[in-house]
Amino acid sequence: MSIHFEQQDIVVPGQLLAEGDYHTGEGAYMEQEKVYASVIGLAKMKGKTVYVVPLKGQYVPKPRDIIIGNVVEVTLNGWLLDFHSPYPAMLPVMHALSRRDATHAKDNLRRYYDVGETVVAEIIAADRTRDPLVTTLGRGLGKVRGGVLMNIIPTRVPRLIGRKGSMINMLKSELQVDIVVGQNGIVWLKGNPARMEIAQEAIRQIEREAHTSGLTDRVRDFITAKLTEQNGEKNE
Amino acid sequence: MSDKKAEAEQPLIDAKGLRTDGRKLDELRPIHLEVGYLSRADGSAYIEHGKNKIVAAVYGPRELHPRHLAQSDRALLRVTYRMATFSVSDRKRPAPSRREHEISMVLRQALEPLLFLKMYPRAAIDVFIMVLEADGGSRCASATVASLALADAGIPMRGLVAGCAAGKIDGKIAVDLNDIEDKIGEADIPLAMSPDRGEITLLQMDGKLTAAEFAQALSMAENGIHRIQEMQKTVLLEKYAQIRETIGDEPDVSPEDEVFEEEPAKEPAEEPEKPKKRAKRIKTEAKETKPKPTKKSTRSKTMEAQAKK
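First to last, the sequence lines map onto chains A and B.
Note that the working numbering has the first sequence beginning at 163, numbered continuously upward.
Note that the working numbering has the second sequence beginning at 808, numbered continuously upward.
Bear in mind the hints are in silico, worked out from the structure with no lab data behind them.
The beta-carbon is built from N, C-alpha and C at its ideal position, and this holds for glycine as well.
Keep in mind that a hint or two might mislead.
[Claimed, not checked] With a straight-line cut-off of 20 angstroms between C-alpha atoms, the simulated EDC-like cross-links for lysine to aspartate or glutamate are:
1. Lys1046/B - Asp171/A
2. Lys858/B - Asp897/B
3. Lys925/B - Glu188/A
4. Lys899/B - Glu909/B
5. Lys1040/B - Glu168/A
6. Lys218/A - Glu940/B
7. Lys925/B - Glu193/A
8. Lys218/A - Glu841/B
[What the hints assert, rightly or not] Chain A stretches covered by chain B per the calculated footprint, using a threshold of three residues with CB under 8 angstroms from any CB of chain B:
9. 170-181
10. 212-218
11. 247-253
12. 363-370
13. 380-391
Using the sequences and the accompanying hints, generate a full structural model.
Following this line, the structure appears as structure tokens:
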């Protein structure tokens, strides 16, 4: 029984993390009573579980995740969304429109979502043997109008949201910008253009420094500095 | 022809026991590694191994096209090794050669056993390796960069793969042969392995060696691979360590402020006003576009329902 890392250490694939009676979580695997890292990321341990929070990687759909996707195809009974994942998402009419709308919608689905439009959706099923199924019925789901999209590395989304939404709520309240974060790394912003620019810069900073601590405070300092700078310009 | 003869007569090891480029028998060529070399790839890396200059780009796991290649239990790994037309002294013809196809295949086989491909069924992982300048041992250097690019892409793997050759020149066993040693030396063994796992994934041999010589060459190449692997690990960590350093971050943090502790709940569902508007808009749109007779029918249906009650 021994551990070969400190909490939050950055580890590389194949690195020995622990020996003995441990469990493995995400980003780690076990071979002959030894736990190794399988991705580059931050090594952690909770109880007897050793895991690695990945710093990079493709988004893998999980049920109940909110994602932002692009409509790439309108089919006979729904839409296909591209959301930067190995699999396209299926959005059937049944999960996109109310029953009353759905009965009459079949003649022209493009009226609701057309190719090239951006949709906020929730994943309802994803088992990797079939394409994930998503819905736009629910609060905050559906087509987005206007605003700006940006892409970040999907594994760093939890950092952008923060514990219980601390980071994202800070961004929203400090900047008065509407932000929707998809678990797949697509972020939608809408608001005052000048403040939106600050928000984008802040999000880039969060992405870049995702593996560091005290990030929320640093980002808040950055935003207040930028805001005072902007106000100064206005007064001149 | 006369050139080649002259080359053949030139000794590969001089009186001091040094090779044509001044190396000792057990010395590697200088190696320089970079990760995140390309901005648009999911993962990328660059290597300068002696005069070899090679870029590797990884895309994926992503949707697999054409679909019929999909494997229902695992991702498909596609490796493409290509040489630039300007990578060798005589212009290389741009069409993929037999040699490029073969190296693509052996590199795929060298990388595949280390990847957890079963985590991404039906998807594809594409690795593109471009040789910008070739010196001997480009397939070994390619294995080194490709593995680095895969790690940079965040693809789960059991360990990194590194490559290094060994061979026989002027009757002596030497490590990491360069172009001329490869061409006129007596034997060449390209080797790629994962030193962490102790698994050899690429082993080829060109030329003749006795069993003892072979064992010696193998252990020398293995030794070189261990050194290359250390460089791989350093360069992967460097990028992140640098960011930590520039902002003066302490790696060990108090439990309250743990990085990545936060579990993202269903976050974006917290805008009460906007979605309602959106829902209304969709509804009104639908109403406007509805043909009149259907409107009537729905109304009559609801009336019927009410009457039943």
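We went through each hint and held it up to the structure:
no.	hint	in the structure
1	Lys1046/B - Asp171/A	holds (14 angstroms)
2	Lys858/B - Asp897/B	holds (16 angstroms)
3	Lys925/B - Glu188/A	holds (14 angstroms)
4	Lys899/B - Glu909/B	holds (16 angstroms)
5	Lys1040/B - Glu168/A	holds (17 angstroms)
6	Lys218/A - Glu940/B	violated (29 angstroms)
7	Lys925/B - Glu193/A	holds (17 angstroms)
8	Lys218/A - Glu841/B	holds (16 angstroms)
9	170-181	holds (count 8)
10	212-218	holds (count 4)
11	247-253	holds (count 3)
12	363-370	violated (count 1)
13	380-391	violated (count 1)
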